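Visitor: Work out the full structure, taking the sequences as your base and the hints as a guide.
What follows is the residue order along each chain.
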Amino acid sequence: MVRPVYSEPGDRIESTRPVTVSRYRGFIRANHWVTALSLILLLLSGLAFFHPSLYFLTGLFGGGQTARWLHPIIGVVLFVSFMVMFIQLWRLNLPTPDDKAWLNQIGDVVKGNEENLPELGKYNAGQKFIFWGMTLLIVVLIVSGIMIWEQFFGELVSIPTRRWAVLTHALAAVAIILVFILHVYAAFWTRGTLRAMTRGTVTGGWAYRHHRKWLRELAGRRQNGPAE
Amino acid sequence: MNIDLSRRGFLRLAGAGVAATSLGAMGFGEAEAAEQAHVRAFKLATTTETRNTCPYCSVACGIIMYSKGDVKAGETAELIHIEGDADHPTNRGTLCPKGAALKDFVKAPTRLTKPRYRAAGASEFQDITWDEALDKIARAMKDDRDANFIQTNEAGVPVNRWTTTGFLAASATTNETAWLTYKTVRSMGIVGFDNQARV
Amino acid sequence: MSETAPQPKTAASNPPVQPIASNLLPSDVVRISATKDVPQPDRQLTKVAKLIDVSKCIGCKACQSACIEWNDTKPEVETNVGVYENPHDLTPNMFTLMRFTEWVNPETDNLEWLIRKDGCMHCEDPGCLKACPAPGAIVQYSNGIVDFIHENCIGCGYCVTGCPFDIPRISKVDHKSYKCTLCSDRVAVGQGPACAKACPTQAIVFGTKEDMIAHANERVEDLKSRGYENAGIYDPAGVGGTHVFYVLHHADKPSIYEKLPDDPRISPVVEGWKGVTKTAGLAVMGVAAVGAAIHGIFARANKVDEHEEKEAEKLVSSGGSDDRGAV
Amino acid sequence: MTNSWTDIKNTDLVIVMGGNAAEAHPCGFKWVTEAKAHRGAKLIVVDPRYNRTASVSDYYAPIRPGSDIVFLMGMIRWMIENDKVQWEYVRNYTNASFLVKDEFGWSDGLFTGYDEEKRDYDKSSWDYKMGEDGFVQTDPTLQDPRCVWNLLKAHVDAYTPEFVERICGTPKDKFLHIAEMIGECSSPTKTMTSMYALGWTQHSKGAQNIRGMAMLQLILGNIGVRGGGMNALRGHSNIQGLTDIGLMSNLIPGYLNIPTEKEADWATYMSTRGFKPIVPGQISYWQNYSKFMVSFMKAMWGDAATAENDWAYHYLPKLDVPAYDGMRMFELMNHGKVNLYFCQGFNPILSFPNRGKMTEAFSKLKMLVVMDPLTTETSHFWQNHGIHNDVDTAAIQTEVLELPTTCFAEDEGALVNSGRWLQWHWAGATPPGEAKHDTWIMAQIFLRVKKLYQDEGGVFPDPILNLTWDYADPNEPMPDELAREMNGRALATVYDPKDPTKVLAEAGQQLSSFGHYRDDGSTMGGCWIYAGSWTKDGNMMARRDNTDPDDTGMFQNWAFSWPANRRILYNAASCDPQGKPWDPSRKIIEWTGEKWEGYDVPDMPVTAKPGETLPFIMNPEGASRLFSRGMMRDGPFPTHMEPFEAPIANVFNPRMRGNPVARVFESTADQFAAIGDPEFPFVATSYRLTEHFHYWTKHNPVNAALQPEFFVEISEELAAERGIERGGRVRVWSKRGEVWAKAVVTKRLRPMQIDGKTVHVIGIPLHWGFVGAAKKGFGPNSLTSQVGDANVETPEFKAFMVNIEPSAEEPVA
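Chains as they are written, first to last, in my numbering: chain A, 1324 to 1551; chain B, 520 to 718; chain C, 728 to 1054; chain D, 21 to 833.
Hints were generated in silico from the structure; no laboratory data involved. Just so it is clear, the structure is predicted and the values come from calculations on it, not from any experiment. Glycine is no exception: its CB is placed at the ideal position from the N, C-alpha and C atoms. Misleading hints may appear alongside valid ones.
To be verified - Under 7 Å between C-beta atoms, here's a sample of chain D residues computed to sit facing chain C:
no.	residue
1	C47
2	S75
3	G356
4	A725
5	E729
6	F731
Guide: Right, here's the structure in full:
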């Protein structure tokens, strides 16, 4: 029997008429939304410190002092929740030969002509890009962020280092916001995606259209697996 | 039910969400509410000035004491600041690190506020009233003087000295205190009399 | 100009006790942190400056003492760590500090005890103000004083990264940033700063920048006559000049005076962060967000059709194998 | 100070030696910076440490603690050798031309008449040759080998620059450079001022250090002139006043003396105080002694002091020893001979030497009374504070009373600054809690004792019962009443002796000058030198007119300066024998042809002709003394004496230990480290820091923050030799005690080469104790010895021997 390479052990076909496929279990979904919420709060408070015209956003947190106090704490929360997610998702986000073809035909991707694309596993290159992008930027942000966390680490980091840290933190923040926009946008543009993170399942058609190798593998596993 | 939201639906909801939270938190007021630029209120306004001289070294810098309340008017006066007297010919308003901090010397946590008595062998002080303290002292002096006063020496020359009680005078009390101390000490015949001129 | 405060001079006068209106008004502010287009003040206050003549300083710390007393700060009693500096560094409760350097002059082989009063330089181009994200937390008055408005301070410490002289200190108690105010409250009523008034040898003097420069030049002449050929003024152009400046006996090497920067300027890193990054960053994010929204609205969504649902059922029933090949 | 703080701005050269003005008197030191800024004056610092004054000096030279006389005699030798002498001044205003007895001489470091048994000199040979006419014999040509000038020349001959380098450790080139700078001030138009303090006085030969510089100043013609003088920077705000008012064992206000047993009666007492002039036509001011003395007796005992009873002379105690000074009293205490002791605003447990002995002594008292605004180590001497005060509390049977007093901010009165200015101050704060004025406390003590004598009778109550106490409120005499009493007033109408019809003061009126004092009982006055401070025109000490015509620095109308509001002592010496100022640009007074006038009150009867009357009118010679006759116990010239503890023996006489006539108590004679004792190889010296005042400011959290913890200063070389880290903890010990401190390792101290040996100096600041806001610490007095100056008993705090080693954390006692 064949070891699954395009799916998580937990992924399975739930019903066959019509086909629905379980993509994310409850824990991952909850964790994802914790991460998402943290990121949004960080984005709002961070932008307030980033540009005077957005300083009013500190109001969302009850003023500059609390925003300054809260921002790094939420940062830590995000870092932890994301790491948990990372541990669960990193394997299937490793690059595969198909990604190359997918990227070569990025034009069709944007046009939505998926029939011209190779069959894909659980994630396409775009999703992988978001995954690794987020990972990298979150690490950069947490490290530079701690360096400029005045309240606890003020004395530990030399001022020239803090200057670089604050600049890096700003640049990384801009980048992660761009990635975030792309992620959200893609989730909505590609219909039927959002339910994967809400209900946890996708339709067979969605799986067939976007991640056929993944669906194929699950189907195969169902067949050769223990009979119901 | 169908959780696929229509695009407009989503946007509307999201927008509403943002609006709701931010307005709800009344965040927008914040920035405009920034405190206007201002300097600290001048703390010497409506204080009472008193001329004095620094009690430390012998340069005797002129100082001005600023207090809430006026001693001359019989009020209780609380010292709030001390600064050099710019009219003074010697220091012209300047002060050294000691003089500049005189206020906190006057208000030192270890200033004495009550007479205290330590009994023989005791490990702590105990409070005592002024009357008790002064009577103790007078009694002790009288007894010691009567017992040890030397009226004449071996040669029978009148010497009228008292050597078993001594008095160390200060270095920073006023001339007037010094004079009253001198009178008191000398009239009793005390010769063990000294001040801080040497140390 | 008739409006400007009576010109303060060190120990020229005793402080008033009758109530007197402040002469440093919100309208005299020329720069405000995190705030664009500050209205032009209707008057220009005379530029003031504090001159610190290091060659006259005896390191007595009267300035520290006077500073503590005037500002009612409470520096803690530390320990002796083998040097004369106490407290050991500037703190939220110690706005100025004597820094002592024992320097053997290589030319004469004589020991020189260089004693520098450290504290806010009140830069013409203040790095702290540039770095500050909190609107109104740092202001600059038209007379040159750079002051912190603590009600607006959020304690982020960006001013620390902005300052070329390592001056601001963040309080662990109220998480606000503190530094020398140049006794703005005294200057506002025509008095010089407390440290300048106290300084026994008048190594610290205060007045109009013009007068102070003139006085500094005289001092430099005197020092040259005493054999200090390199005596000079330290009023660094890199920060547009400062409103606290030094006379040094060895102006050719400021760094021997306990790390006084040779050529201080706002770090290019900070400039980059507060300059291009800030504006460009905001622009890019804005464009991306708006772009995504518009594309989302007008571009064709990526939908799954009925045919694909059927294909999926086929695929699943066939156990994953179809014309594309079997498992 | 012969001059005033503000006068220092008039100088051309400042020498700070035996002091550290910038550190201990920053605001007075301002006038040095003024002189530098406006006259181009130069500053020389000679000190074992490169100190805060040195940091702004033009020239610095190191010197070994306790070797100052060698340096100063070396200077005098150089001035004479290089003809840097203000000849006209020396010839006319010093005793250079006076002939000295043939018996007088000096050899092996000792003057004639030394008695090793008594540790004293027979001073009979230390005097002038007197003629039959009762006047001193002189040789104005200075040719006679027995004239003071030639004896001085011979005396200083040994002090060559090489000798100075060998004994003081001052490099020859630095010494010569300083000599050149000082030499310029022998010109009548250039002056040097000497600023010194306890760096010179706290030696077993402190008075001779000061004489050394005074002699140099006379040779340069710098006494009595603007920007010159001998300026003793007093340590405490009113120590000048307390000394003026005679709060010392052997003093009566105004520098009169308490009689000794030998002066059994008034006649005998006065007979030695005639001070008859010994040069023709001279005025000797002390001839008025009886007027001052009688007026004092009247101030004390009023009607009980009459001509018939010799002004109650028998009320005065008579001394059997030179003085019952502090150190003698503590010695007596140690022998259980003192029962009751008062400390008024004084903290002897940290201030007097040999703390171990002090604690023992206090433990033997029956009762100790401490009056102070602050709690002190003295009032807690019985309380155990670990190593900082390791005593057995239960074993100490002394009763202690700690009485809270007011401080300057809460009281009114006058303080006398170093420049002899009496400045009045006012109260501006309410005393804390039950704190009381010292005047109230003293009055209470006196009145209660008096009452006991009234009720019970007792031994010789007369001086107590008859003491004048005519104050409006006997329980709390007011400062103005006391000030008036010191100034003096007429008891009967006082007439002008020259014109008996002219009334100088009506009965009951305040006197305006000590010239109005009388010895017939018609005047009273507590302190003659303060006469004029509170006249019929009111309180002169409260004057606040700071105008200063022609910027002379005199400030004639600011407060009051004793004597007679004179700002510069001996100011008549600022003029040549024709009465014209040596330096017209620095005129103080001048002779108009019939009288003296100018910016200051002339130190000369206003009509006394120059040339006829010499300017030093307090001396029967009228001249200043290069040779001090028998006035000092340890010699008419300063001669090199090693400290009692020294790294080398006295090169003149190895058998000589310290000052040969200084008092050494039996009980502590064995507490000196032997010369060259390997256990105590390092020279230690003690001093103040600018951040603190004595043992007071450690109570102030602000000053405590500025200099928080006890430390010692050592050179980098010594630190390396002993493996001591900067900021590390060290133990320092002497023959008498030990202390633990932090180490400040500095370039400002360097090892010296002394007589071929490398000598390290350890600096030990005072200021720390075991109560207050600062960290607990020690004072140098835990280490210092009980020996004092031979003339005035100032303890030898500035030169003693110790050892040092790195120490682990403070041992817990």
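Visitor: Determine for every hint whether it applies to the structure shown.
Guide: Quick rundown of the hints versus the structure:
1. C47: 5 Å, holds
2. S75: 4 Å, holds
3. G356: At about 40 Å, which exceeds the 7 Å cut-off, the nearest Cβ of chain C leaves the hint on G356 of chain D violated.
4. A725: At 4 Å from the nearest chain C Cβ, A725 of chain D passes the 7 Å test, so the hint holds.
5. E729: 4 Å, holds
6. F731: 5 Å, holds
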